[in-house]
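4 protein chains.
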Amino acid sequence: MALLTDKARGVFVISVTPFKDDGSLDLDSLDRVTDFYLSAGADGLTVLGMMGEAPKLTGGESRQVIQRVIARAQGKPVVVGVSSPGLAALTEVSHEAMAQGAAGVMIAPPMNLRTDAQILNYYRQACGFLGTDVPVVLQDFPLATTVQISDELLGRLIDELPQIVMLKHEDWPGLSKISKLREAEKKGRRRISVLCGNGGVFLPEEVARGADGAMTGFGFPEMLVQVTDLASRGDIERAQDIFDAYLPLVRYEQQPGVGLAVRKYVLAKRGAIASAAQRQPGAQLDALAQAEVERLLRRQDKRLKELG
Amino acid sequence: MALLTDKARGVFVISVTPFKDDGSLDLDSLDRVTDFYLSAGADGLTVLGMMGEAPKLTGGESRQVIQRVIARAQGKPVVVGVSSPGLAALTEVSHEAMAQGAAGVMIAPPMNLRTDAQILNYYRQACGFLGTDVPVVLQDFPLATTVQISDELLGRLIDELPQIVMLKHEDWPGLSKISKLREAEKKGRRRISVLCGNGGVFLPEEVARGADGAMTGFGFPEMLVQVTDLASRGDIERAQDIFDAYLPLVRYEQQPGVGLAVRKYVLAKRGAIASAAQRQPGAQLDALAQAEVERLLRRQDKRLKELG
Amino acid sequence: MALLTDKARGVFVISVTPFKDDGSLDLDSLDRVTDFYLSAGADGLTVLGMMGEAPKLTGGESRQVIQRVIARAQGKPVVVGVSSPGLAALTEVSHEAMAQGAAGVMIAPPMNLRTDAQILNYYRQACGFLGTDVPVVLQDFPLATTVQISDELLGRLIDELPQIVMLKHEDWPGLSKISKLREAEKKGRRRISVLCGNGGVFLPEEVARGADGAMTGFGFPEMLVQVTDLASRGDIERAQDIFDAYLPLVRYEQQPGVGLAVRKYVLAKRGAIASAAQRQPGAQLDALAQAEVERLLRRQDKRLKELG
Amino acid sequence: MALLTDKARGVFVISVTPFKDDGSLDLDSLDRVTDFYLSAGADGLTVLGMMGEAPKLTGGESRQVIQRVIARAQGKPVVVGVSSPGLAALTEVSHEAMAQGAAGVMIAPPMNLRTDAQILNYYRQACGFLGTDVPVVLQDFPLATTVQISDELLGRLIDELPQIVMLKHEDWPGLSKISKLREAEKKGRRRISVLCGNGGVFLPEEVARGADGAMTGFGFPEMLVQVTDLASRGDIERAQDIFDAYLPLVRYEQQPGVGLAVRKYVLAKRGAIASAAQRQPGAQLDALAQAEVERLLRRQDKRLKELG
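Residue numbers (the numbering used here), protein chains in the order written: chain U, 1 to 308; chain Z, 1 to 308; chain W, 1 to 308; chain X, 1 to 308.
Simulated from the structure, these hints should not be mistaken for lab results.
Okay, the calculated bits of chain W under chain Z, using three or more residues with CB under 8 Å as the criterion:
hint : stretch
1    : 115-126
2    : 151-162
Listed next, the in silico PhoX-like pairs over lysine-lysine satisfying Cα-Cα at most 20 Å (straight line):
hint : chain 1 : residue 1 : chain 2 : residue 2
3    : U       : 302       : U       : 269
4    : Z       : 180       : Z       : 7
5    : X       : 305       : W       : 302
6    : U       : 7         : U       : 186
7    : U       : 180       : U       : 7
8    : W       : 20        : W       : 269
9    : U       : 305       : Z       : 302
10   : X       : 20        : X       : 269
11   : U       : 269       : U       : 20
12   : Z       : 7         : Z       : 76
13   : X       : 187       : X       : 7
14   : Z       : 269       : Z       : 302
15   : U       : 7         : U       : 187
16   : X       : 302       : W       : 305
17   : Z       : 302       : U       : 302
18   : Z       : 20        : Z       : 269
19   : U       : 302       : Z       : 305
20   : W       : 302       : X       : 302
If you only want the chain Z side, here are some residues facing chain W, beta carbon under 7 Å, derived:
hint : residue
21   : 114
22   : 115
23   : 116
24   : 117
25   : 148
26   : 150
27   : 152
The beta-carbon is built from N, C-alpha and C at its ideal position, and this holds for glycine as well.
With the hints as constraints, model all of the structure from the sequences given.
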């Protein structure tokens, strides 16, 4: 499989990890949801991300997920989340994943990093352990990691570590970060791919500011594909029309903790996975919340029909 | 002026604090924005909240803001944010505010609190310093304070401290917290007022689950009033229609840091304040962001006309 | 090997994990340091603790460490640190360790927990995954984890989860926590073992207040053994004499980050391990710091001789 | 009174703020403890620091403390802690303090700062608000503030903001920070004064590495004076002898939260203040802890006599 490059664009869906109701891994549903994402127009997939319940898996299960998705992905690039408290474990899983055909690995900074120097040093060490032939996606998600990467530091990371080919952008607020990055590139810094996260909640603006697409999840990944496509082609009004129709659900799914329960509920309802179960510890979608989601789905359906 | 009680309902707008371009307090604009909020249908006002740039004011300026808004508020209740690292300062400003006619004070927990026992003890001490005749709004906003209040602890606070008459609810996710609170009240716990924050981003669901309204800010406070009113009367579909029309802007305004710049930009554009300036340190709305906001405003206007 | 019980007492040394200068695991040194700890009078050992560089090991290396130390420990109880972001991985390594003869497992709460309810729920789930026959050491170390466990919550954990047989006490400040725990036990709560951490910096006071000993590391573990023994037998003055002689080094070793470099330097100097190397990322002891440690060692030696 | 300069050296004692048992400010004791500090050999005083219970005072009380101590300080420099969430309040209190004769102000970074750029920008703004004629002490205390300042960033702050004349050094671990700072100065960076905090727990090493003394508190400030003096003159062994005699109490006083209770207990016992009371919320020294302190005091007394 081809390696991830700084030319990557479009939508890489952050895949859920399906479980059966008893908490065991559901590999059949993993196949099914892989097909579902690809048929929705995904340009790639990312497994074992934060919304993939990665920390809940054993090492062996992680390997199964990686193998299974790569085998099913019809040659589309698969990025593997390898964030880990320790570099030896991170390196081991990264090398295994690359050997199996992964396109690259995604690394979020550990929660204990604070200063620019600490963060820079961490990525230096991680890249050193991995070797320069492993493409790295830098996940910039301070709401989850508490680690903040300034515009200046981001520039230093890009300048110094060429194997960082992509930014998974979910700083919050972060629109100006995209603009500043693209400006710096116009002035000579090497261009990297920027795919946006945060459930897509700022996707129209992000693509308009120069992002190459999305790397996130949502119960309706076809929205991410359409909005990215329309906004990339400059049709920002139509992109925003589509986006606005889905926005009430995007917003609802963005609730921390509950969000994954909503996403899995929708995916199960749409037949992409057999069960909405999360492995423990995981939030449940209670009856009230289900009713709220169902109401939003009905309204979304109606609004999409109005839009044509 | 009447004291705040557990019967309070409707919309208490979190007032911005207007500044001139040179950073000095703009008391004329403070009058104007007070009128603006009231004409939008506000049932009350809250000054010196987090989005009121309270920590940027000197003690003397804070007193000016309190006096001015109470004098202008046409008898509507004015809640004063008094969160402070120390109880002596908190008590001093609270007693001054109450003497000037405030309806109550709002207290967020200091960032260093962690355990249930620490949080409970803090509110015990704060209420002890204030005296039982000062109505207290408990601000539950973990995204900003990092302090998390569990359902169980919230119950203990309500049980033990009768002067807590209102919850400013902006836990995230927090829909189930409202439902659990209302369930506990049905089983015998005393009922308190629940007004919701977070820029109103879950307002339809919150009111449908039993919240009494909103205590938050937005460039279009009339939306908060209409949605609260419609949802309270059970017309959740119409409430959501109105809400959805404003949601793209609500979402945009919810970006931390940038949000207040958006809100002040809109308020200045609508003539409610003379300048969108924030006192330093404060985010600026650059040209790109202004264009994004303008685009959202045009779309919002169009959508509201479609809805009639 | 016998399981850990609430009767455990004495000193369980937190073992370092020796590496060669090239960063590879040094199993011969692991044998040697195991012998060293036991000959210093250790009543048990704890492997893969925070100061054992656990997160830097791969899964396979962790297994090697566990096996090797248990095989070498002459039947003394070996506790295995299994803290992990996910319960499946935690359970897998715990079951493997117990099958190999570990006496119990040690679990620190994940950094994202805040409320009493979250912490209680986490330990409920962890114990549920492990099964009731796996003895658990609760590591209470807020300086490292940011998770604070109140006296009240500690009581609830002990009451509800009988397999928690030991508290690794390193709350800071935490002397009163020991006293309150022992008081509650006098009033009827089941008694658990309390071994103290924090590099032993409060050991005389801790044992005098009812702790059963220490579970921590230090370049001179014989100090931990002597102080625990003397203080347990009521000879607090002699215990403190010994302690005070080592205190300048204890203090120096307690520096976060640098501390492990000091400890390994001393252990290498004493011949207990071949190299002071840490696996990356790890602090180095530079020439200035080495000179400071050497000066403290000379003074310590002199003072011990004075004491006789 | 003379302004603070980068030549400052010796011991600036962080003054406690005395309260009566009823929680009211005890200005007579404030006079007495000021005399006590000066008679112990203090070269300066710092009021309204973290251990001065500054956030518990009202604005009016803070002014009283500043005036009273400056009037009593016999012309010795008085630094005023002015850390505050907002720059307007910080500026107001700073200008008032300087007008009353303060030698300079001390500013710790607000807890919400993370990136190098944010921290740099904050100090730029603060210095801008203050004006260049107000000498600033930069308090670098990450254990309390959670803000980490790297060696590199510290250099940028010193380079860019000449009014930062002193570093209150209490990074932890931070010995290498002093050495790196002094090395950079040898290579041409302007020299600033470095006074160390952390209760003096690393004072011998700090002075030996180039610190100019201490800015911290302790029940026996004469120890800080003697150790600084001896170590500055190169008599590190005698400095460490004195230090080691006090170290068991230094260690005990260093417990977060409890530490101030210990310090005030000792100061009250020594007659420097009338009551050990802290204003609420504040830790109490219970009977067990008092007995521990008394035991340490007896041993300290004996050891000092042995040393002669």
